[in-house]
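K.L.:
Read off the chains here:
Protein chains: 2
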Amino acid sequence: MRTYNELSPSPRTIMTPGPVEVDPRVLRALSYPILGQFDPEFTAYMNDTMEMLRSVFQTNNRWAFPVDGTSRSGLEAVLTSLIEPGDKVLIPIFGRFGHLLNEIAVRCGAEVTTLHAEWGTVFDQEEIVSAIKREKPDLVAVVHGETSTGRVQPLERIGPACREAGALLVVDAVATIGGVPVKTDEWGLDAVVGGTQKCLSVPSGMAPITFNERAERKILSRKRVERGIRPPGYEEPEGLGAPIQSNYLDLAQLMDYWSPTRLNHHTEMTSMLYGLREGLRIVLQEGLDNRFDRHRLNESALIAGLEAMGLALYGDPSCKMTVVTCVTIPEGVDGESVRTMLLDLFGIEIASSFGPLKGKIWRIGTMGYSCSRKNVLHLLGAFEAVLLRHGAEIKAGASLQAALDVYEGK
Amino acid sequence: MRTYNELSPSPRTIMTPGPVEVDPRVLRALSYPILGQFDPEFTAYMNDTMEMLRSVFQTNNRWAFPVDGTSRSGLEAVLTSLIEPGDKVLIPIFGRFGHLLNEIAVRCGAEVTTLHAEWGTVFDQEEIVSAIKREKPDLVAVVHGETSTGRVQPLERIGPACREAGALLVVDAVATIGGVPVKTDEWGLDAVVGGTQKCLSVPSGMAPITFNERAERKILSRKRVERGIRPPGYEEPEGLGAPIQSNYLDLAQLMDYWSPTRLNHHTEMTSMLYGLREGLRIVLQEGLDNRFDRHRLNESALIAGLEAMGLALYGDPSCKMTVVTCVTIPEGVDGESVRTMLLDLFGIEIASSFGPLKGKIWRIGTMGYSCSRKNVLHLLGAFEAVLLRHGAEIKAGASLQAALDVYEGK
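First to last, the protein sequences are chains A and B. When we follow this note's numbering, the leftmost residue of the first sequence carries the number 20, and every step to the right adds one. When we follow this note's numbering, the leftmost residue of the second sequence carries the number 20, and every step to the right adds one.
Here chain A stands alone, though its shape is the one from the complex (with noise of 0.2 angstroms):
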């Protein structure tokens, strides 16, 4: 039989729109013996986890709970747990994330209507609270940062239009967690989805949730008690509406499990939980406030080195989301062979992007952890050298310097 090494991964500096760069302390936390997931011990950091998830989330609402899945996990739990067949959906696309909320509403029975913006912009908000008008949703979806194309969706006319029009209104802030404010109750959203391995620098593995007592209406009415576990002489409540279609992601299901009653469905992640514990803790010791001045602050160095160099910026300047940064790739450049370069002898990951920018783009992410000077500047230098040594014709020498001014405040 064959044998296999042990683990070694090589060090790396990640600077792509996730995964990123996991906190030390994160690291650390992952490694702790585990608890039982009944173990007292164990559902008080349940517990903990779920009040930093609402301050993290901006909100007050009583739900907040991490669904145990990648990313997308939490987007079709809120989808399918929301969702009845034959709902009016609206959901406005303007990058890849747009398009994966349409698919996985289709697949929970949605009528879907979509709008489209140019990618590399975003709408401008009477353009959805029309539609919303116009098309009378029960449901409308839509992407806050879009790391495809690098562009924040401005919201906090949305939730309005929705409230009034009896719209339930859900946000993927998988990218924005923890790096750009997400206002849930100032801005009226009834539910939101976040990331773990983006700007909370935590692994994949698990997807922060909120949503208001205006998603737990729609959820609860569609509650169905498990087989195997229903009390002796169960017998269902007239009137519900259509069961949820996922066992696994029903959140009716999660909220017994997230609640005092504890009831049995999945086993908790009891290692990713130490680590969404931890990364929580290490984004609110930072302050909201200070994470996302610093992931201004290393934007405007990234920026400006870039821009020094003679790269040209892709997207709309005035969506552009704080925590990615789009390049155009230079005439007569092999973007893949600059990203390999890159990744082989600087030990640097940064990313492509999908469909109508693939090869055309070049996204550099600025999240969580690997959001720091030290990376700033070590991306700069190596990217200048390998654009260099593919014949791009860029400035040298300048890049560095004018990241330095940043830092310097000049």
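Quick caveat, the hints were computed from the structure, so don't treat them as lab data. Treat each hint with caution, since some may be false.
Each pair may be met inside one copy or between any two copies, as identical chains are not told apart.
Think about it this way: if two alpha-carbon atoms lie no more than 27 angstroms apart in a straight line, the pair counts; the simulated DSSO-like pairs of lysine-lysine are [to be verified]:
{"no.": "1", "residue 1": "K242", "residue 2": "K107"}
{"no.": "2", "residue 1": "K414", "residue 2": "K155"}
{"no.": "3", "residue 1": "K429", "residue 2": "K242"}
{"no.": "4", "residue 1": "K202", "residue 2": "K379"}
{"no.": "5", "residue 1": "K242", "residue 2": "K377"}
Following the hints, position chain B against chain A.
P.N.:
Quick look at chain B alone, frame taken from chain A:
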């Protein structure tokens, strides 16, 4: 704002049917810095994991990989990808997790026929074979090791019967994989779902699965390319089966992600993948047969110790599962109070059970890293003391002597 304490879980001896203690080498693997999901070093680790899973599942199947969620996400991924609405599904139920298979199959739109065996027993295989001939199901789903009752269902004659009837056979081996033989190919199992947090001794968070070409054909007949990554001009092939209702748990998409195509789906759980790879490496280093022997030896010692105390085991001994031992709670003893005292004073966790067995039995797991002589001896000594403290009429002093006799080969 509240401050949160540093993570500091108490040391526990976890003798439940999962989650169980994690090998320190796995905990260490969890703490290694992460790699990007498409980093060649990381995809090599993914491939190692597939290869090792094939050995553990005792299969030559091409497809063996983890689903990114807890065990029931693996069950749902397999069932939702294999069951089309209206498909006839046969589910033999002999405990709580058979009901779960039923629950998931119903949510997939199956027309389910259930068979029922009294809890504490399993089915005579001929009974299932007859039902397959009678019902002509499209799919049969059955639990291998039923942790709620501590029974193991023999399977070697079900596979051939399914093949003859043109049905697919799905097996829930969450509790048995890595602790009790699961002979995927020899028994003719079409799809098998394992668990990480039981006999593999990796934290909860992934669900290793395998499936053969018969299952693959059914899955591919339903395959849809996701919106957002469809190539320009993409047209859906004609004659496809019903779409798979989940996107996150769509095995057709997961196959593309786990093949050289590496088509973007979710972001693989880096740290959990490290942990699973290390856990599998440890299993194969020990050797499957040695590992099964170790589980049998510790079970023998545990049973000898419990019986010497005068406790009665629950359930039909002819189908007892090696890795779970169910004990009838003696008359007049408060089972929950015993569990609490064991946890609070001795740091030992054992389990209660579900539904009709709630308050009637304790369940003791001897799984994976928790399945050690030290743990069995520690538990027996503590259990005796706690039962005496609760006024149970048991024989003092005999339990550990009986267990030591087993370990000394007497």
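K.L.:
Does each hint fit the structure? Answer for all of them.
P.N.:
Do the hints match the structure? See the list:
1. In this assembly of identical chains, the alpha carbons of K242 and K107 lie at most 27 angstroms apart whether taken from the same copy (20 angstroms) or from different copies (25 angstroms).
2. For the homomeric pair K414 and K155, neither the shortest alpha-carbon distance inside one copy (53 angstroms) nor that between copies (72 angstroms) is at most 27 angstroms.
3. Taking the closest pair of Cα atoms, K429 and K242 never come within 27 angstroms of each other, the shortest separation being 58 angstroms inside a single copy and 56 angstroms across copies.
4. Taking the closest pair of Cα atoms, K202 and K379 never come within 27 angstroms of each other, the shortest separation being 33 angstroms inside a single copy and 49 angstroms across copies.
5. Only between protomers do K242 and K377 lie at most 27 angstroms apart by alpha-carbon distance; the minimum there is 24 angstroms, versus 42 angstroms within a single protomer.
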